[in-house]
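2 protein chains.
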Amino acid sequence: MKKFINNPSLVVEESLAGYIACYPQYVRKLEGLRVLARKEKPKKPKVAIITGGGSGHKPAFIGYIGKGMVDGVAVGEVFAAPPGDWVYKATKELDMGMGTIYLYGNFSGDIMNFRLAKILAEAEGHKVEEVIAYDDIASAPKESIKKRRAIAGEVILWKIAGAAAETGMSLSEVKEISEQTAFNTRSMGVGTYPPIIPATGHPGFILEEDKMEIGVGHHGEPGIKKEKIKSADEVSSYLTERILEELAFKHEDETALLINGLGATPLQELYIVARKVCSILDSYKIKRVITYVGEYFTSLEMAGFSVTLTKLDDRLKKLILAEADSPCFKQFNLGGDYNGNKS
Amino acid sequence: MKKFINNPSLVVEESLAGYIACYPQYVRKLEGLRVLARKEKPKKPKVAIITGGGSGHKPAFIGYIGKGMVDGVAVGEVFAAPPGDWVYKATKELDMGMGTIYLYGNFSGDIMNFRLAKILAEAEGHKVEEVIAYDDIASAPKESIKKRRAIAGEVILWKIAGAAAETGMSLSEVKEISEQTAFNTRSMGVGTYPPIIPATGHPGFILEEDKMEIGVGHHGEPGIKKEKIKSADEVSSYLTERILEELAFKHEDETALLINGLGATPLQELYIVARKVCSILDSYKIKRVITYVGEYFTSLEMAGFSVTLTKLDDRLKKLILAEADSPCFKQFNLGGDYNGNKS
Numbered sequence: 001m002k003k004f005i006n007n008p009s010l011v012v013e014e015s016l017a018g019y020i021a022c023y024p025q026y027v028r029k030l031e032g033l034r035v036l037a038r039k040e041k042p043k044k045p046k047v048a049i050i051t052g053g054g055s056g057h058k059p060a061f062i063g064y065i066g067k068g069m070v071d072g073v074a075v076g077e078v079f080a081a082p083p084g085d086w087v088y089k090a091t092k093e094l095d096m097g098m099g100t101i102y103l104y105g106n107f108s109g110d111i112m113n114f115r116l117a118k119i120l121a122e123a124e125g126h127k128v129e130e131v132i133a134y135d136d137i138a139s140a141p142k143e144s145i146k147k148r149r150a151i152a153g154e155v156i157l158w159k160i161a162g163a164a165a166e167t168g169m170s171l172s173e174v175k176e177i178s179e180q181t182a183f184n185t186r187s188m189g190v191g192t193y194p195p196i197i198p199a200t201g202h203p204g205f206i207l208e209e210d211k212m213e214i215g216v217g218h219h220g221e222p223g224i225k226k227e228k229i230k231s232a233d234e235v236s237s238y239l240t241e242r243i244l245e246e247l248a249f250k251h252e253d254e255t256a257l258l259i260n261g262l263g264a265t266p267l268q269e270l271y272i273v274a275r276k277v278c279s280i281l282d283s284y285k286i287k288r289v290i291t292y293v294g295e296y297f298t299s300l301e302m303a304g305f306s307v308t309l310t311k312l313d314d315r316l317k318k319l320i321l322a323e324a325d326s327p328c329f330k331q332f333n334l335g336g337d338y339n340g341n342k343s
Numbered sequence: 001m002k003k004f005i006n007n008p009s010l011v012v013e014e015s016l017a018g019y020i021a022c023y024p025q026y027v028r029k030l031e032g033l034r035v036l037a038r039k040e041k042p043k044k045p046k047v048a049i050i051t052g053g054g055s056g057h058k059p060a061f062i063g064y065i066g067k068g069m070v071d072g073v074a075v076g077e078v079f080a081a082p083p084g085d086w087v088y089k090a091t092k093e094l095d096m097g098m099g100t101i102y103l104y105g106n107f108s109g110d111i112m113n114f115r116l117a118k119i120l121a122e123a124e125g126h127k128v129e130e131v132i133a134y135d136d137i138a139s140a141p142k143e144s145i146k147k148r149r150a151i152a153g154e155v156i157l158w159k160i161a162g163a164a165a166e167t168g169m170s171l172s173e174v175k176e177i178s179e180q181t182a183f184n185t186r187s188m189g190v191g192t193y194p195p196i197i198p199a200t201g202h203p204g205f206i207l208e209e210d211k212m213e214i215g216v217g218h219h220g221e222p223g224i225k226k227e228k229i230k231s232a233d234e235v236s237s238y239l240t241e242r243i244l245e246e247l248a249f250k251h252e253d254e255t256a257l258l259i260n261g262l263g264a265t266p267l268q269e270l271y272i273v274a275r276k277v278c279s280i281l282d283s284y285k286i287k288r289v290i291t292y293v294g295e296y297f298t299s300l301e302m303a304g305f306s307v308t309l310t311k312l313d314d315r316l317k318k319l320i321l322a323e324a325d326s327p328c329f330k331q332f333n334l335g336g337d338y339n340g341n342k343s
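Chains A and B, in that order, are what the protein sequence lines are.
Residue numbering for the first sequence follows the working numbering, starting at 1 and increasing by one per position.
Residue numbering for the second sequence follows the working numbering, starting at 1 and increasing by one per position.
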């Protein structure tokens with residue numbers, strides 16, 4: 001294992017300490033907890049957005065703390081959920097009087113711990129809602145949609161919900177928009193090389209030298225098939241067509257596109273993938289409102305990528321185009337202000 | 001080789017086509033040339049900044065086309081310089097009447113071709129200057145500083161010069177600021193795994209399984225020594241102390257810090273590196289004005305990272321804090337406007 005670490009058991013602590021040292025203007029650490037929070041309080045009270053999960057997915061989750069994105073992140077060990085107690089204490093600290101929404105991925109450890117936090121916080125009078133991302137279409141059939149795992153689509157959920165909260169919308173409105181975004185977001189990925197788990201030095205999964213795992217999860221969970229690696233166009237077409245089967249776009253419908261690198265796949269290849277995905281969307285006359293390509297939700301040094309589409313209506317469109325300012329996700333206002341007005 | 005490509009000989013073309021499809025609001029392709037240019041003309045004429053080089057370094061160079069960054073990029077094959085003819089034609093197209101500056105890295109192919117372009121453009125009455133980056137301290141001794149290669153420090157050069165040009169400064173002023181930035185910027189890197197060259201499917205260099213290459217160039221050029229991989233803190237300290245020996249900071253001097261991932265090294269490790277580098281700078285009472293951590297200048301899927309410091313005075317500080325808006329480098333104004341005034 002050739003990793004730039006010190007002590008394998010301190011990887012998360014030291015990485016977090018480095019992150020805080022780099023971005024003191026954006027984040028602060030809650031005393032005694034492995035929870036990071038937005039440094040400056042928003043000018044007006046807003047719904048607090050808390051997320052979290054296992055480590056190893058950077059820039060998710062901590063990279064997205066800031067204006068128009070999330071307010072707090074509970075940081076678990078590598079690929080392991082954070083304790084519910086931390087989420088609960090984060091809720092007490094970050095509630096601005098308008099309630100809190102937990103936006104996280106559909107993994108059993110996370111669900112257990114976030115729900116514990118919800119119970120504890122509600123017992124003290126805090127209003128808490130949750131919306132769980134389930135965008136990975138490879139992880140369960142459409143009939144069991146809520147059983148699906150989350151992958152990179154969570155980033156779109158944070159972006160849209162973060163913009164909604166920033167407008168001053170109520171907790172129920174932010175929840176409703178988050179549910180709509182989660183439902184409108186579908187992803188599918190492919191993996192070629194595994195991540196190396198720092199604590200053990202071993203790969204997270206085994207795959208033959210000429211094979212790819214179609215539908216891989218972002219902890220290396222098995223997908224729907226292992227097969228010989230194919231051309232970028234073939235793989236991209238397969239993933240995109242599978243997503244399009246589910247989202248039932250009509251001509252002139254609008255979408256956001258995210259092509260997410262899992263860690264070690266060069267941006268050069270992601271753009272080759274993007275070329276094909278964009279051309280498929282164009283052929284169906286689906287309008288791309290915004291396109292993100294890069295490493296938004298990784299799995300350490302895993303190689304591979306995922307494609308995510310989020311079907312947009314006018315409301316979601318304005319929110320996804322709004323300004324965001326966090327260490328790892330910055331976007332200038334691209335056409336709507338936080339009140340949903342055209343600028 | 002498990003790469004998401006179609007035809008190995010079309011990797012650069014197809015990647016570029018994908019990039020343009022993703023960011024039509026930022027970039028346009030010059031007809032018949034593999035040159036990308038800023039889509040919207042700046043409101044006021046400004047010095048045009050042109051760069052370029054071999055492919056395989058994304059987000060460099062094409063990711064940095066936009067406001068406060070560069071105006072045009074000539075795109076070579078993987079790790080090979082672009083033809084001078086393209087740079088010359090880009091110069092004719094992008095000159096806004098205030099002259100053009102070429103900002104590129106110290107590699108013989110690039111020098112030959114950019115200088116040819118300069119001769120051709122000047123023969124037609126265009127004013128052209130050039131500043132060459134030479135930040136990699138591992139590539140030649142201090143006495144032969146101008147023989148050094150460029151690595152990730154080029155990004156800082158584009159950022160500062162890009163902001164300077166955006167203020168409307170004259171060609172000679174932008175040149176002077178660029179020269180100062182190039183001189184004040186020093187980097188050093190380390191590599192652990194090679195990039196895989198798409199055209200051949202072979203690794204760019206060979207390194208034993210337990211070894212790292214200290215001082216590696218961003219095409220995998222040999223550095224100053226191969227040795228057993230050490231802890232993140234040891235490697236980070238070595239690189240940082242070598243840079244600090246050259247830059248002669250005094251207490252309270254200000255710096256920009258860039259920790260650049262070469263491609264496959266997880267952000268988690270880069271933050272562990274950042275923790276140590278930041279603590280060393282703190283121990284010398286060197287003030288970090290801004291910190292960038294991520295993949296700013298890669299070498300396909302090479303693993304490793306580099307540390308870059310740029311010593312700042314008040315003028316450079318205002319420029320590095322100015323707004324930038326390109327597909328892969330976005331920064332809100334952090335304290336100075338384009339006229340160098342405190343906001």
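It is worth saying that the hints were derived from the structure and are not from the lab.
Some hints here could point you the wrong way.
Since copy identity is lost for identical chains, a pair holds within one copy or between any two.
Taking lysine to aspartate or glutamate pairs in the EDC-like style, the calculated list, with each CA pair at most 16 Å apart, reads [unchecked claim]:
no.	residue 1	residue 2
1	K43	E241
2	K175	D253
3	K118	D85
4	K225	E323
5	K92	E122
6	K175	E129
Computed from a prediction, not measured in an experiment: that's the story for all the values here.
So, going through the hints one by one against the coordinates:
1. K43 with E241: neither (43 Å within a copy, 42 Å between copies)
2. K175 with D253: neither (24 Å within a copy, 48 Å between copies)
3. K118 with D85: within (10 Å within a copy, 64 Å between copies)
4. K225 with E323: Cα proximity of K225 and E323: none, with 39 Å in one copy and 46 Å across.
5. K92 with E122: Close inside one copy (10 Å), not across copies (66 Å); limit 16 Å.
6. K175 with E129: within (7 Å within a copy, 55 Å between copies)
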